[in-house]
Amino acid sequence: MASKIGVYICVGYGIGEAVNIEELSKVATSEYKVDVCKTVPSCEAEDIEFIKKDIAEQELEKVVIAGPSPRFYQPKTFPPNVIVEYVNLREQVAWCQPSHEEDTQMMANDYLRMGIVKIQKTQPLDPFPESKDINKTVLVVGGGIAGLTAALETAAAGYDSVIVEKAPQLGGWMAKLKKSIPRSAPYEALEDPGIEEKIKQVRQNPKIKVHTSTEIAKIKGAPGMFDVELKGNGAAFRVGAIVQATGWKPYQPKNLNHLGLGNLADVITGVEMEEMAKAGSIKRKSDGKEAKSVVFVQCAGSRDKNHLSYCSSICCLNSLKQAAYVREQDGDAKAYIIYENLRAPGHYEYFYKKMQQDPGVFMTKGEVTGVKQNGGSLAVDVKDTLLGEDISIEADLVVLATGMVPQSADGERIRAIIDARKFLASGEGGPQVDIMKKRIEEFGHHEGTEILNLDYRQGPDMPTLQYGYPDSHFICFPYETRRTGIYAAGAVRAPMDGLGSIEDATGAAFKAIQCLEMLSRGEAVLPRTSDLSYPEFFLQRCTQCKRCTEECPFGTLNEDEKGTPQPNPTRCRRCGICLGACPERIINFKNYSVDMIASMIKAVEVPDEFEEKPRVLILACENDAYPAFDTAGFKRLQYSPFVRIIPVRCLGSVNVIWINEALAKGFDGVMLFGCKYGDDYQCHFIKGSELMNTRGDNVREKLKQMALENERVQLFQVQITDYEKILSLVGEFMETIEQIGMNPFKGM
Amino acid sequence: MSTNGKILVIGGGISGISAAADAAELGCDVILVEKEPYLGGRVVRMNQYFPKLCPPTCGMEINIRRVRQNPRIKVYTFSEVETISGSPGDYTVTIRVNPRYVTGKQPVSQAHIDAVATEIPNPFNYNMDTTKALFIPHDAAYPMMHVLKKDALTAEEGEKLKAAEPAGAIDLDMKEDRVEEKVGAVIIATGWRPYDVTKLENLGAGKLANVITNVMMERLASRNGPTEGKLLRPSDGKEVANVAFVQCAGSRDENHLPYCSAVCCMGSLKQARYVREKVADAKVTIFYIDIRTIGRFEKFYYDLLEDQNVRFVKGKVAKITEDPATKNPIVEVEEVLPGDKKREQFDMVVLATGVVPATADSPVPGVSLVYDNDGFLVDQPNGAGIFGAGCVKRPLDVSRSVKDATAAVMKAIQIVRR
Chain A
1 MASKIGVYIC VGYGIGEAVN IEELSKVATS EYKVDVCKTV PSCEAEDIEF
51 IKKDIAEQEL EKVVIAGPSP RFYQPKTFPP NVIVEYVNLR EQVAWCQPSH
101 EEDTQMMAND YLRMGIVKIQ KTQPLDPFPE SKDINKTVLV VGGGIAGLTA
151 ALETAAAGYD SVIVEKAPQL GGWMAKLKKS IPRSAPYEAL EDPGIEEKIK
201 QVRQNPKIKV HTSTEIAKIK GAPGMFDVEL KGNGAAFRVG AIVQATGWKP
251 YQPKNLNHLG LGNLADVITG VEMEEMAKAG SIKRKSDGKE AKSVVFVQCA
301 GSRDKNHLSY CSSICCLNSL KQAAYVREQD GDAKAYIIYE NLRAPGHYEY
351 FYKKMQQDPG VFMTKGEVTG VKQNGGSLAV DVKDTLLGED ISIEADLVVL
401 ATGMVPQSAD GERIRAIIDA RKFLASGEGG PQVDIMKKRI EEFGHHEGTE
451 ILNLDYRQGP DMPTLQYGYP DSHFICFPYE TRRTGIYAAG AVRAPMDGLG
501 SIEDATGAAF KAIQCLEMLS RGEAVLPRTS DLSYPEFFLQ RCTQCKRCTE
551 ECPFGTLNED EKGTPQPNPT RCRRCGICLG ACPERIINFK NYSVDMIASM
601 IKAVEVPDEF EEKPRVLILA CENDAYPAFD TAGFKRLQYS PFVRIIPVRC
651 LGSVNVIWIN EALAKGFDGV MLFGCKYGDD YQCHFIKGSE LMNTRGDNVR
701 EKLKQMALEN ERVQLFQVQI TDYEKILSLV GEFMETIEQI GMNPFKGM
Chain B
1 MSTNGKILVI GGGISGISAA ADAAELGCDV ILVEKEPYLG GRVVRMNQYF
51 PKLCPPTCGM EINIRRVRQN PRIKVYTFSE VETISGSPGD YTVTIRVNPR
101 YVTGKQPVSQ AHIDAVATEI PNPFNYNMDT TKALFIPHDA AYPMMHVLKK
151 DALTAEEGEK LKAAEPAGAI DLDMKEDRVE EKVGAVIIAT GWRPYDVTKL
201 ENLGAGKLAN VITNVMMERL ASRNGPTEGK LLRPSDGKEV ANVAFVQCAG
251 SRDENHLPYC SAVCCMGSLK QARYVREKVA DAKVTIFYID IRTIGRFEKF
301 YYDLLEDQNV RFVKGKVAKI TEDPATKNPI VEVEEVLPGD KKREQFDMVV
351 LATGVVPATA DSPVPGVSLV YDNDGFLVDQ PNGAGIFGAG CVKRPLDVSR
401 SVKDATAAVM KAIQIVRR
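Taken in order, these protein sequences are the chains called A and B. Going by UniProt numbering, the residue at position 723 of the first sequence is 723; the numbering climbs one at a time, nothing skipped. Going by UniProt numbering, the residue at position 1 of the second sequence is 1; the numbering climbs one at a time, nothing skipped.
So here's chain B without its partners, still in its complex pose (with noise of 0.2 Å):
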């Protein structure tokens, strides 16, 4: 069997990054394919991390450098896997780059810049606020390079970004590129989505301005987000005072997520952290049926015990409306202790959204996988070259992602140096 030495890795998040450099760095080739024109996934959108309350960059300053120095990595960002073939040992793989309409060649001058005026909702932000079509997606971004939206420009702006020196920083005739690359072993880190509000219809269905998911809160929370890292909220700026987070919002849900995420305890515990630590006297209530802060990650919850501004309600929400003159969400529960029901305003209400993982929406293309019920890549039968690691197989938190990632080189090693 002709053994190809070189690894595929699929998704350039905390999984992914970290599968590449642990592969690279024992001495084999790596490719690192990521979708969005950046690597960091969804972590470098997260304002710290729990327990320790650190921030992100932080470690991914030390990853980043990992991937950037290490010759044996080669990555294409705002590109995609479209087939896998052949059989372990010897995979061919199609890969699509998409056209950032930024050359790389020359720099993109403050001439570029000034030529276009167009802002397009900003996807670093969940769509929380807007940025000019030819940008940086974030202050701290790998590859720090500019991406230009193309379908957003005016033919005036067009003809602005062609006459801005120098000429061979915008190419507006881009086109998608197809490379083709031989691997031994392909490590699938997709990684997850949020689970979509809209289908939380009891819960607002994203219709309430000031209903938001965990991961915007994130973005609120974060100094580079759109808020300067105030917590504002969305329908009309103002700081918030008394805030409601709604635990298993669509997770432990058999018409939703059945399965726990495991991550949302925690997250909400953090972001509960963040209302106390940046508005003063500022009141917090969470909603959840059961506290789940496994193993050490306890002490966390202890410490916010004892926080009289914190409030634990056991008890699963009902539905969430609103007052139409302050846009207050109003929040019915039924509290399980001491049993009746209940009906409170606040001033902004954060839904703890489960975990999707990438493949319930998109399946690895060109092979015939094993999943289960939920969309998860379950461990493939013996003898394929093909394995998961972090959010595709599980709900996982950063640091279990990051293990899993390292036992999945290690799995994938065995079949490329076979």
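This is chain A alone, in the form it adopts within the complex (with noise of 0.2 Å):
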């Protein structure tokens, strides 16, 4: 049985005054025959009160509110059992189309079918039926300052972790160090790394199990049951959610030659030196005397296009740190710090200041040229220093700051590998051969470098961005990954310092309860936070062409043996890129389908050739060009009648099949209004207007077969704030489609 709808107008805002009120409401009575059509004066919080009550009174299950951007409600005024959608009549019309005229009513009127028809199609929300089974407990892999901090944060708020360390002892790096950089204020003393308390902690605490000397042998299943497997001792469990903390590496410099790193037994990195420190004293490797002169040479092999081309953030400290032990060693003793840029940001800065007024620390900004041995001693030549002139230093001991590597594996190169071997191994022929095989001999490096080791089509570890850290790509949400419940935290995701991988790993370990508790009650993680729809599949219909599973930014699907997809739906962050990646349209969603867009796109008006009144499809990301559309209208900018707006969760989420429906149906073109993709991609499902770019092909197809030019259909990239830049588009494109003639497929 249809449920009950109701439709209100809102005629405040100009609403009333642009469109008449009474024919519009006749599309709702006469057209569609909703149950009950009323105008209200505005949509302010009177307003809002009598439409809740009459909600109430005429037992409503569907609403329609047709007046501001849906950008301006609080959805949670109305009842949750009730579906309500909205309709843009102030933004989108009355505030960008000129009062009284014929389109602008035209365009208020498809605007109401649109809704009408969208909130028919839309049924009911219940949470995915896995909700009902989330364990809720965290793994925490790496035993360093990260993981142990996220094992404790975890504990203290009363859920469970396991630690899975691969060494023998918990601590990582920070249980090498003699001493910390200074973490707390006045900010200028060494500090007790704090790792031993830490480690007391993690053993005394009933709801964290350490597992060491061990690895990740696999990780089967999706966020809220990750079935693990450990190497060694074979223990086999059940998770939630996971942190990787699985810390850095120290870069191995080659080609550092000129340094004397390799050839000469008293240049040594700053790895070795706090290893000697710690130990007791620190000397010449070469006769075991105590160093009395030690330079340090900063970015020895970071911020250097043949080695590491970023900074690696914590050496410049380091190197102060170590200065102060050779100082505290010896009052005699002499350091030296040849460095760029000296880099000790934010608080930081006071201990700078107190290592500078130590007269036996010497800095400079200065290129060390090369280090030889002379004699007993070392010589370090030293360029373009602040001295203006070259010099030369004396040194008992050369310590070069050789950078960090994150010890991270690439789920995307690995599953590439994986992929062109099994190609290669099927005996195929073709130009493909050479491609798969560049392709191995490109990202060989990463085989054999798998940490988590998870049961995903798109590989076994997290995809990474530039220089292998798999860190979010974006600034507002820092904790996003690309694997749902999977949250990489310390040293591992950025170069970064102790007192930064404790903050990091607290939010983190946070970031994986938080993603529990939602997943539990069936709500998505960010971006779509709290949305509690999730795609369907009609799997009868499926012909394995794996689009959805290759398509997915998330790897949430797997594949059987035949290539069917294999849902997840706790890994899924519900963008619907497989719903637009699709060709079968059998993934749909309860109130965001296949059949809803393109029963939304044929319930617009399209008026015949003659009346030379030409419609324009623009399918716009929800996020940003929508919202663009708003501010346009918010800034009062006219725009052409004759576009008719409908938002889409992302462009990659667009189904070709609405393209040619709206061709069909005489719609004279299409506008995709997506992020901008490329390196600094600002689509927050990953890549949703870069597939939707790609499937242009199929687009292009149709309108060959259609005999209809290529231009009607195209995409732009935009951001939010591009409100001119979307207008002056829309306005090139309708001159475009002028230019090339109407649809002859109108009214056909």
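Think of the hints as simulated: they come from the structure by calculation, not from any bench. Glycine included, each C-beta is placed from N, C-alpha and C at the ideal position. One or more of the hints may lead you astray.
To be verified - Okay, derived cross-link-like pairs now, BS3-like style, lysine-lysine, Cα gap no bigger than 25 Å in a straight line: (1) K383/A / K341/B; (2) K76/A / K590/A; (3) K231/A / K220/A; (4) K6/B / K136/A; (5) K166/A / K176/A; (6) K314/B / K354/A; (7) K74/B / K76/A; (8) K353/A / K316/B.
To be verified - Some but not every residue of chain A turned toward chain B, in silico, with C-beta under 8 Å: (9) K76; (10) A494; (11) I720.
Dock chain one against chain two, each of which comes alone in its own frame, and use the hints as you go.
So this is what it looks like as structure tokens:
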């Protein structure tokens, strides 16, 4: 039985002046015969109260509110069992179109039609069934400062955790430090690293289980139901979420011969210096004599395009700290630090200042051109110094600050190798063979580096950013990775100091338990937080084309042997990219479906050719392009009355059938507005607009079949602030349509 | 011990919003208090974020939706926390809700807007332009609601407003309101302000027309700013072609802020990109002591080094004066390399003013908390139920502020859920 639908049309904010409300109401009452259709003076508190009361009195199940943009309501004001849909008559009609024009009226009428059709096709949401079975234990991979912090914080919040550490003991790098750089006010004194205390707390905490000397053999399943198997002891257990705190390893520079590394005994790395200091005294390796003059060479292998091109972020502070060791050991000893930019950010400036005041510590900008043996000591040649001349420093010991490399593996690249090997083994020929061989060569070094060993179709580890860090790509959402329920923390995800790692791990642990709580309510995590909808697959009609399993940016779908997708709703972020990818149109959400959008498109009244009123469909990313249209309205900027805008979850969720339907219906063109792609992509679903662009071939094929011009369908990359650009793009597009003429399929 | 499950978040900038949304999504009830009439704090006044050069409103769109749609979050804008008393798990807070004179019960109509002609300095644009005394703070404000600056109105405007329909939209007799709330834990995310330029006497003390601060530069570059995104200098509206950035303006300086403000290097490099992208052939000079582009940010620095029109000069700016005829700022710099003094004229100078914690001016009211010498909130001794998040603790960029906010929520739930 059809649900009882009510329509409320807001006449305030200039809507009543722009549009004939009586005529608009007839769309609801005569065309769609809705149960209730009323007008309200505005959508401010009093009128929202009226609507709420009326919903209850009329016992409505579905409600359309035609008024301001949906972006300005608080849906929490309506009862949760009522489905509410908003029609944007304010920003996208009344505020951007002239009043009392036939075209403005047609636009409003069409938007109301689409709104009613949409709500007719919307079904109530229930949490996915798996939400009842969410395991709330957190797996922490890595037992260094970040891992220990994550486990302790998780326990303090009342959740169980399991630490898996590959070394025989806990503590990681921090346990190898003599001292930590200052972490607390007044930020001048070296501190105890605090790691022993953390290890003790972990060992004593009944909510934390520890496995040392082992690694992960396999992780099967999905968030809320990960089945973990360990190597060695063979332990198997279930967890819900994962914090990857696998830390860093020292960069092993090759080709630093001019600095003497590897060929001069008294040239060592910062890591070796720390070991020596912790062991007792700072000595020359060559003869065991205490070092009286130590030169620290910064960025040895960092900030260098031939080595690590990034800054390892802690080396300046680390050398300052080790200079303090040198001075502590012997009041007459000298420490020299040669840097290009001394990086002591934030409060660390205090520590830098303190060391500057020490008369035995000399620091200068400069470039070390060479380190040579000079009799019993080393000669360090420095050019471009602040002294304005080249200098040579006599040193007992030279310490190279060599930088950090993340302990991570890249899921995507490992998967690419696996796929390439499979392809070569299949014996298929063609030009693909060389491409696959090249891929194996290019990504070869990723093989054997698996850490999480996830049983994911898209690879056993988290995809990484540039330089191999599995970090978030998003500034506003720094914990978002491309694997739901798995959060990186500490130096594995960016070069970072101990304090930063502690903070980072605390937040990552929170994200892990937050994810589990949200999954247990059936909700999505960022960016569609709290969304209850999830994709449903009508697999009887699946043709095993694998597009959904390959295109999902979050590795949600696995495949069975035949290549049929295996949905994992707890991995899903609900972007709808699978819906867009599926040529069989068998993937749908209860409130976002192929049929729903297609029906909305069909609901638009397309005037015949001779009326000279073209129609252009705009499918706009709901997070960026759609708000940009709202801003244009807010600024009262006018644009063509011939466009019809439909917000989509992500441009990647656009199914090509919608474009085909629009063209068949007589729309003269389709504009696709998505986010920027490329290295600095802005799509919150990673590559939605890029994927849509690659589907362009299918679109062009269809255009060819229909003998239509390619220009009729175009994709644009825009930002939320691009409201003016969007309008000029619309203007240009309308001109193009005028030039190439109307779609001949109108009225067919 | 009675433990109240609610969390109070003070400050509705990026840290506070992130903390509130995170806590509510876990399942906690949250009260979010912001003193401005809109959420978004400093970040919504920025043009782009480094290093991606993406607009802050994009992420804010998601964050505002998280706040707007979550029934567990109660938002008070234009409000301030007056007192906090009690102990962990059981705090009582008083919130003063300032009158916005706009009720939200009925819509503000064109008649209301037409009734007000008075213009006031626009705080959203750091007073670089004006706005009507009845205004929506900015084009993506949440709540999307007018504010009336009643003090600025003439008597006649007041009468006209009273007569305008619908009558229930504006209430000129609105009084400040006080609300009491009980919470279990408190997150302080009151953020930062730029260092006061009037104290930088050698750099013009804010009196030279074409010497602006880095936060003002963000507004100039923003499409919804006072110049609609064009880089027009304040004295004569001329588009700038030769811009200098002065790093550490007040930071790393014993007479001002002894610490490094951590974000200004990347901030200025980003703004150098604005200049290069918006004005063809424009020249940029950056005066610095150390370029601190930590971690992966280094790439941003590298890329800029390859731009022939961007010059990096290592040296401390000693003085800025102005040419009285052209109003061009004249920068005197003690160049470290090669070591001599230089005087150079520019169209405009941008001071990379540092980060001052909000708590340096106004400590959290009603409770005795520990701050460092610069007014930053430090980690409180064990057992406190009050936690800092973001720039109130140390100078942080957006990403680290958000991480810190999430970490603060972790600490807060350990109090309210015990």
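Against the structure, the hints:
A distance of roughly 22 Å separates the Cα atoms of K383/A and K341/B; the hinted pair therefore holds under the 25 Å criterion. Note on K76/A and K590/A: the hinted pairing holds, with a Cα-Cα distance of about 20 Å set against a maximum of 25 Å. Restraint check for K231/A and K220/A: satisfied, since their Cα atoms lie roughly 14 Å apart, inside the 25 Å limit. For the hint linking K6/B to K136/A, the alpha-carbon distance of about 22 Å falls within 25 Å, and the restraint holds.
A hinted pair counts as satisfied when its Cα atoms are at most 25 Å apart, and K166/A with K176/A qualifies at roughly 16 Å. Of the supplied pair hints, the one linking K314/B and K354/A holds, its CA atoms being roughly 22 Å apart against a limit of 25 Å. For the proposed pair K74/B and K76/A, the alpha carbon gap of about 11 Å is at most 25 Å, so the pair holds. Between K353/A and K316/B the CA atoms are separated by roughly 17 Å; this keeps the pair inside 25 Å, and the hint holds.
For K76/A, the suggested interface contact is upheld, since its CB lies about 4 Å from the closest CB of chain B, less than 8 Å. Below 8 Å, beta-carbon pairs count as interface contacts, and A494/A has one with chain B at about 5 Å; its hint therefore holds. Contact between I720/A and chain B, as hinted, is supported at the beta carbon level, the nearest pair being about 5 Å apart and thus within 8 Å.
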